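In the order they appear, the protein sequences are chains C and H. Every letter in the first sequence is one number past the one before it in this note's numbering, and letter 56, counting from 1, is 56. Every letter in the second sequence is one number past the one before it in this note's numbering, and letter 204, counting from 1, is 508.
Simulated from the structure, these hints should not be mistaken for lab results. What you are looking at is a predicted structure, and each value in this text was computed from that prediction instead of being measured. Positions of the beta carbon are idealized from the N, C-alpha and C atoms, including for glycine. Heads up, a few of these hints could be off.
Distance ranges between label pairs, derived from CB positions [what the hints assert, rightly or not]:
id, chain 1, residue 1, chain 2, residue 2, range
1, H, Lys-460, C, Thr-67, 55 to 61 Å
2, H, Asp-511, C, Pro-126, 53 to 59 Å
3, C, Gly-196, H, Asp-511, 51 to 57 Å
4, C, Gly-196, H, Gly-427, 35 to 41 Å
DSS-like cross-link-like pairs, simulated, lysine-lysine; straight-line CA separation at most 25 Å [what the hints assert, rightly or not]:
id, chain 1, residue 1, chain 2, residue 2
5, H, Lys-544, C, Lys-239
6, C, Lys-194, C, Lys-163
7, H, Lys-414, H, Lys-306
8, C, Lys-249, C, Lys-129
9, C, Lys-24, C, Lys-36
10, C, Lys-249, H, Lys-544
11, H, Lys-451, H, Lys-610
12, C, Lys-275, C, Lys-129
13, H, Lys-432, H, Lys-460
14, H, Lys-325, H, Lys-414
15, C, Lys-249, H, Lys-540
16, H, Lys-497, C, Lys-239
17, H, Lys-531, H, Lys-414
18, C, Lys-275, H, Lys-497
19, C, Lys-222, C, Lys-275
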Amino acid sequence: MSGVGLIGLGVMGGGMAENILNAKIPLVAYDIDATKLAHFASLGAAPATSPADAARQVPRSICMVETTAQALSVITGEDGIVAGASPGHRVACASTIAPQAIHAMHATLAARGMELIDAPVSGGGPGAKAGTLAVFAGGDSATVEAFRDVFGAVADNVFHLGKLGSGMAMKLINNMLIQTSSVAIAEAMIMGRKAGIDPQTIYDVVRVSTGYSVAFERRVPKMIARDFSPGGTLDISYKDQELQTAFAKELGVPLFVANVTQQIYQMGRNLGLGKEDGSALIKLYEHLAGLSDLAPPAAKKTEK
Amino acid sequence: MKVGFIGLGTMGAAMAANLQKAGHELVVHDVRREAAEPSLAAGAQWAQSPRAVAEAAELVFTSLPGPVEVEAVALGDDGLLSGMRRGGAFFDLSTNSPTVVRRIHAAFAKREVYMLDAPVSGGPVGAKTGRLALWIGGDEQIFHRHKAVLDAIGDKVRYIGPIGAGSIAKLVHNGAGYCITAALAEMFSVGVKAGVEPLALFEAVRDGALGRRRTFDGLVDQFLPGKYEPAAFALKLAHKDVTLATQLGRDFGVPMRIAELALAEMTEAMGRGWGNRDSRAMMLLQQERAGVDIKVDQKAIDEALKRA
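So here's chain H without its partners, still in its complex pose:
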C-alpha cells in the first residue's frame, strides 16, 4: 500500500523519512519540489499535485503550515478530494483549526472518504527521532486500521475522540504551554530583578512542589476528580503568597499583569468563601464561566495513570 505525503518542511520531511525507514512506499508532493529531494532520494515517488498523490495512495498525510494551506490542499483545484478513492483515509498532521478540520471532514464524508486530524507534538527533534505524540480525532476504526503506520511517525499515538478532538488537544497543549511561558518570564524577571541569580533561582524552584512534577500532573489531585476538600494547600494561604509575589513586583518596579489577573481570580474565589478549600478551587470559577462541570471518576483516572 502506498502512502501519500504532502508538505515536506522541517516537520514533514522528518516524519516522511521515518515512514520510509519503516518500509512504507511514499508518494510525495510539496509546493517547492526541492523540499522533496531527500524523500525522493530515499525512494519516494513524485506527484505533480495533491490530486495526483491522492490518486496514487489509499492513505494520505499532510503536514502544512496552517488552516489556509490545508484547506487549499484538501479542497482546492487539483486537491485531495478530487483524487481520493472511496474508503481512503486522509490524516492531517498540521496544527489546524478544529472548525476547519470539521469542515474538511464533512466534505470528505460526502464522498465516503475518511478525514482525521492528527496533530503532532514534539518539535523538529521529536519529528526526527520519533519521540513524537500524535493526537487523533475522527473515526476510531479507521484510526485502528492505520495505527501501525502512525506508529512509524511517533511513539505516543493516541486516539482522542471525534473529528477535531486531536486539534483541540493540540491547541490546549500549546495554549497552556505559552501561558505558562509568559508567566515564567514574568516571575523570573521579578525574581532576578529582586536580586536572585537566574541559575540559582532555576535550581531552587526546580526542587519545589511544582518543580518536581510534570506540567500537567497537578491536575490529577483536585481538578480532574473535582475534589477540593480537604485542602492540600488552602486557598487563603495561596492568596497570601500571590499577594506577596505581586508586592515584589511593586517593590522592584516590575509589571506583573499575569500574576495580577491570577490574584484577582483567587480574590473572587475567596469571596465565595472558599478560603479553607484547596487553592485549586479557583479553577471552578472558570468552569462556571465556560459552562462545564469537570468531575472524572477516580477509578478512570487511576486507570489512565496506569496506562501512561
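Chain C with its partners taken away, still in its complex shape:
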C-alpha cells in the first residue's frame, strides 16, 4: 500500500490523520504547528519538515488547510507540494476554497505532469474524528480512484461529481444550505421566544413537523443549552459564504438570501461572536430583538 502525505493537522486534518493511521495507511504528515506535528508523530505518522518534504516521500498528498491562500501556499508555493513531488504525483485538495483557485493550481501541476482533484469534505470536526465524513470529489477519475483507500478510511460517502471544481461547487451548495438555514432558524427561534413559546417546546414540535432539518438539529439544542463552543464558527461561516457568493457572481447568479445572510454573519462578528459556534446567531437575534444588549463598548459609551 502506498503512503499518503497529509498537510494540515487541525480539527479536520487531525481527525482524518487518526483514521488514516487506524487504517494502517503509511502517513507522512506536516503542520506549521510543531506541537500538533509531534502529537501525530507519536501516533505513528512520519513527520515532514515542509509540504515539499512530505511530497518527496509519497506518491500522493492531501491538503487540509483552512483558507484559499493557505492552500495555494501548501500546494503550489515555494516549499509547497509541487516543489518536492515527482511527475505522476497526485494531490487531493480537501480544503474548502475558491473553485477558481482549484483550476489555477491544476494548471500549474499539469504542466509538471502531476494531477490535482478537488475533494472537500463535509461532516465537521465530529465527522472527521469518527471517520464518517462525506467526500465531494471533482476531476480526474484515476486520481479519485488512487485515493479510494484514504477516502474510505475517513468517510462513509465518497461522491465523484464530475469535472474539476465540481466537488468544490457541491461543497459550496451544501454549506450555503446550512449557513442560510442557520440564520433562518435563529430568526424563527427568537420569534417563538417573543411569542412566549418555550424554546424546548419549539424544538420538540418542529422535530416532528415540516420545519425540521439537519441545520435545525445541529443548531437548536446548542442554542437551548447555551453551548456556543465551536463546531463551525461565525468567522468560518462568513468565509464560506464569501466563497459561495463570489462563486455565484462568477456564474452570474443573483443570490438574494445568501448575500444577506453573509452580512448577518458579519453583524454577529462585529458584536464579538466570530469565534463562537453558528448557534450563537441566537445571541445576535436576542440583541436585535431587544432581549439583550451585545453592543460593543464603544457604541454603548455614546448612548447614555
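With chain C held as given, fit chain H onto it using these hints.
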C-alpha cells in the same frame, strides 16, 4: 361656511391655525380637550364629538395618528358619518391605509357624503409654515370645490386620482424615503469606517451626479419613459462599481445587507444580457415581478416638468 377639524396634535394644530389665519371659521374636536386650547383661543368653536363637528360643518378635516383612529372617528359611535349632511365633504389629512380609506369612502358614499384622502408631506415645520404638500384622492369635482380651503393648509395641493390615490402617493414617498435613509446609513457607515471624515464625505457626494439632483428627478430620464438605450451609464459599469462598494464592506468588516440585495438585482439584470443598456434597466425586473409596465409619453413628462 364652517370648517370642521378633528385631531389637533402637532400637525393638526398647525394646519388648523393656518385655516384660521386664512379666515375660516372652525369647529374643532380632539380626544384631549387641552389640545384644542390654541384653536379655541383663536376663535374656534368646541364640539363634544366627531358627530357634533359633522353636524356643525359642511367640510370636515381629520388629522389623526393612523387607520385605527380615523376609522373610529369616521364610522364609530358618534362618528362623522352619523352627523354629516348629504353633499358634505370629509378630507382625511392623516397618513392612512388606502384599503381603510376606500372602506370609509364606500360607507360615506352610501349616505351621499364625499370622503377624500388628503395626506400631507412636509413635517411639523411645513404644517406651521404652510410649505406642505397635500395629495388628494377621490372625487375630482369635490376637490376643485374645496381647493381654496386646501390652499390655506399647503402650498402644493395636488389631485392625484381616485379615492386612496393620495394615501398611495404618501406611502410611496415615505417608503422610498426610508429605504434611501437605510441605504445612506449603510454606505456612510462603510465610508467613514474606511477612513473618510463624515463631513468630507457629505460634501463630496453632494457634488456627485446623484448629489446634484433632487431625489426623484432621476426617474425622468429612463424609468418614466421606459427608455434604457442608449446608456447614460452602462449597467456593466454600475455592476462593477457596486461590486467594489460591497468589497469595501468586506475589507472593513461592515455588514451591507441593502447593497448586497441591490447588487443581486443588478446581477440578475446582467444575466438578461442588459450589460450595455443603461444601469437603470435593472428597474424593469421589479416591474415584471409586480406585473406593471411603466412607459409614460415623453410629451406628458415634459409638460409635468413644466408644471412643476
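Does Lys-306/H sit within 25 Å of Lys-414/H, going by the straight-line distance between their CA atoms? holds (24 Å)
Next item on the list: Please test the hint of 53 to 59 Å on the beta carbon pair from Asp-511/H and Pro-126/C.
Entry: holds (57 Å)
Query raised in the report: Going straight from one Cα to the other, do Lys-249/C and Lys-544/H come out at no more than 25 Å?
Result: holds (11 Å)
- Is it true that the CA of Lys-544/H sits at most 25 Å from the CA of Lys-239/C? holds (21 Å)
For the range 55 to 61 Å, tell me whether the beta carbons of Lys-460/H and Thr-67/C fit it or not. With a Cβ separation near 57 Å, Lys-460/H and Thr-67/C satisfy 55 to 61 Å, so the hint holds.
Next pair to validate is Lys-222/C with Lys-275/C; report whether the Cα-Cα distance is within 25 Å. holds (15 Å)
Holds or violated: Lys-249/C and Lys-129/C, Cα atoms, limit 25 Å. violated (34 Å)
message: Need the status of pair Lys-249/C, Lys-540/H: alpha-carbon distance at most 25 Å?
response: holds (13 Å)
message: Given the hint of 35 to 41 Å, is the C-beta distance from Gly-196/C to Gly-427/H inside that range or not?
response: Roughly 38 Å apart at Cβ, these two residues keep to the hinted range, so it holds.
Task: Given pair status - Lys-414/H, Lys-531/H, alpha carbons within 25 Å - done: Answer violated: Lys-531/H to Lys-414/H is near 44 Å, above 25 Å.
Notebook entry, point to check: Hey, Lys-432/H versus Lys-460/H, does the alpha-carbon distance stay inside 25 Å?
Noted result: Cα-Cα ~14 Å, so holds.
Margin query: Check the hint pairing Lys-497/H with Lys-239/C against an upper bound of 25 Å on the C-alpha distance.
Written below: With a Cα-Cα distance of about 21 Å, the restraint between Lys-497/H and Lys-239/C holds, given a limit of 25 Å.
Of the numbered hints listed earlier, those contradicted by the structure are 6, 8, 14, 17.
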